[in-house]
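**Q** Given next are the chains, with one letter for each unit.
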Amino acid sequence: MNKVKILFFATIKDRAGQKSLELDIPSQTTVLALKEKLGVEFPNLKDSLKSVLISINQEYSFDDAVIPQGAEIALFPPVSGG
Amino acid sequence: MQHFPTIFSITESEIDLNDLLAKITLPSAGAAAIFTGMVRGVTARDNPHETKYLEYEAYIPMAEAKMRQVADEIRERWSVVEGIAIVQRIGKLYPQTPTVLIACTAAHRDTGVFEAARYGIDRLKEIVPVWKKEVGPNGEEWIEGAHIPKAGE
Numbered sequence: 001m002n003k004v005k006i007l008f009f010a011t012i013k014d015r016a017g018q019k020s021l022e023l024d025i026p027s028q029t030t031v032l033a034l035k036e037k038l039g040v041e042f043p044n045l046k047d048s049l050k051s052v053l054i055s056i057n058q059e060y061s062f063d064d065a066v067i068p069q070g071a072e073i074a075l076f077p078p079v080s081g082g
Numbered sequence: 001m002q003h004f005p006t007i008f009s010i011t012e013s014e015i016d017l018n019d020l021l022a023k024i025t026l027p028s029a030g031a032a033a034i035f036t037g038m039v040r041g042v043t044a045r046d047n048p049h050e051t052k053y054l055e056y057e058a059y060i061p062m063a064e065a066k067m068r069q070v071a072d073e074i075r076e077r078w079s080v081v082e083g084i085a086i087v088q089r090i091g092k093l094y095p096q097t098p099t100v101l102i103a104c105t106a107a108h109r110d111t112g113v114f115e116a117a118r119y120g121i122d123r124l125k126e127i128v129p130v131w132k133k134e135v136g137p138n139g140e141e142w143i144e145g146a147h148i149p150k151a152g153e
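Line by line, the protein sequences are chains A and S. For the first sequence, position 14 (counting from the first letter as 1) is numbered 14 according to the working numbering, and the numbering increases by one without interruption. For the second sequence, position 25 (counting from the first letter as 1) is numbered 25 according to the working numbering, and the numbering increases by one without interruption.
By construction, these hints were calculated from the structure, which means they are not laboratory data. This structure is a prediction, so every number in the text was calculated from the model and none was measured. It is possible that part of the hints are untrue.
To be verified - Listed next, the stretches of chain A that the computed footprint assigns to chain S, with coverage defined by at least 3 CB atoms under 8 Å from CB atoms of chain S: (1) 1-12; (2) 71-80.
To be verified - Only pairs whose alpha carbons sit at most 25 Å apart, straight line, appear in this in silico DMTMM-like list of lysine to aspartate or glutamate: (3) S/K150 / A/D47; (4) A/K19 / S/E126; (5) S/K150 / A/E36; (6) A/K50 / S/E126; (7) A/K13 / S/E55; (8) S/K125 / A/E36; (9) A/K5 / S/E153; (10) A/K19 / S/E134; (11) S/K125 / S/E141; (12) A/K46 / S/D19; (13) S/K133 / A/D14; (14) A/K13 / S/E64; (15) S/K52 / A/D14; (16) A/K46 / S/E140; (17) A/K13 / S/E126; (18) A/K46 / S/E57; (19) A/K35 / S/E73; (20) A/K13 / A/E41.
As the list claims (entries may be wrong) - Now the in silico label distances, taken between C-beta atoms and shown as ranges: (21) S/P5 / A/K5: 30 to 40 Å; (22) S/S9 / A/G70: 38 to 48 Å; (23) A/T30 / S/D16: 40 to 50 Å.
Just so you know, even glycine gets a beta-carbon here, dropped at the ideal spot from N, CA and C.
Working from the sequences, and respecting the hints, build out all of it.
**A** Take a look at the structure:
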């Protein structure tokens, strides 16, 4: 198993109702599989997950990436700083 | 290799232009291009409306890493740029308050330094993980950007 930290920001944080959580996921889990799991645990997130941006260890990541051991994963909408 | 100062930070404090400018001005500098954005209280364009305040949030460690990346990209494109400062303020910010600052220094103004600063703010708005919630007379709304980063961005 792989213990990962998941962070939510902006609209995703509001819909999830929390800022972060720790989760045990099987080794070799992909970003896509994690999104599906989060969609089951947080039904409010389901619609957002199609367009959400994901980072792993502070780099943008995509559906087919395999999540490394102990990763810090963040989910957020397209950025709007400035 | 000459050492050029690069400053990047997410802060809850007021942005101090004079202090930042001093830190990126080398003896060889003769020009600085500075962009600063502020909270607009009254919007006339597109969807006219009023803003009471903006509330900014950041994923701070990734935001600072991506600001460093923006600075690196500026240096790849404009090797004449000497100092670079990139600062994003977060928290609750009211109209007429500066929220972001990008400054680039160079020996002369005709070196591309204006374009370098322009590139910096455009890129910050694409890849630096910061979000703002707009609060107006009729309620609040998260603002979402339009850029979807590609692998390696």
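**Q** Please go over all the hints and tell whether each is borne out by the structure.
**A** Comparing the hints with the structure gives:
| no. | hint | result |
| --- | --- | --- |
| 1 | 1-12 | holds (count 4) |
| 2 | 71-80 | holds (count 6) |
| 3 | S/K150 / A/D47 | 21 Å, holds |
| 4 | A/K19 / S/E126 | 23 Å, holds |
| 5 | S/K150 / A/E36 | 21 Å, holds |
| 6 | A/K50 / S/E126 | 19 Å, holds |
| 7 | A/K13 / S/E55 | 14 Å, holds |
| 8 | S/K125 / A/E36 | 29 Å, violated |
| 9 | A/K5 / S/E153 | 22 Å, holds |
| 10 | A/K19 / S/E134 | 20 Å, holds |
| 11 | S/K125 / S/E141 | 18 Å, holds |
| 12 | A/K46 / S/D19 | 46 Å, violated |
| 13 | S/K133 / A/D14 | 12 Å, holds |
| 14 | A/K13 / S/E64 | 20 Å, holds |
| 15 | S/K52 / A/D14 | 21 Å, holds |
| 16 | A/K46 / S/E140 | 22 Å, holds |
| 17 | A/K13 / S/E126 | 20 Å, holds |
| 18 | A/K46 / S/E57 | 23 Å, holds |
| 19 | A/K35 / S/E73 | 31 Å, violated |
| 20 | A/K13 / A/E41 | 14 Å, holds |
| 21 | S/P5 / A/K5: 30 to 40 Å | 33 Å, holds |
| 22 | S/S9 / A/G70: 38 to 48 Å | 27 Å, violated |
| 23 | A/T30 / S/D16: 40 to 50 Å | 45 Å, holds |
Taken one by one, the earlier hints fail for this structure at numbers 8, 12, 19, 22, listed in ascending order.
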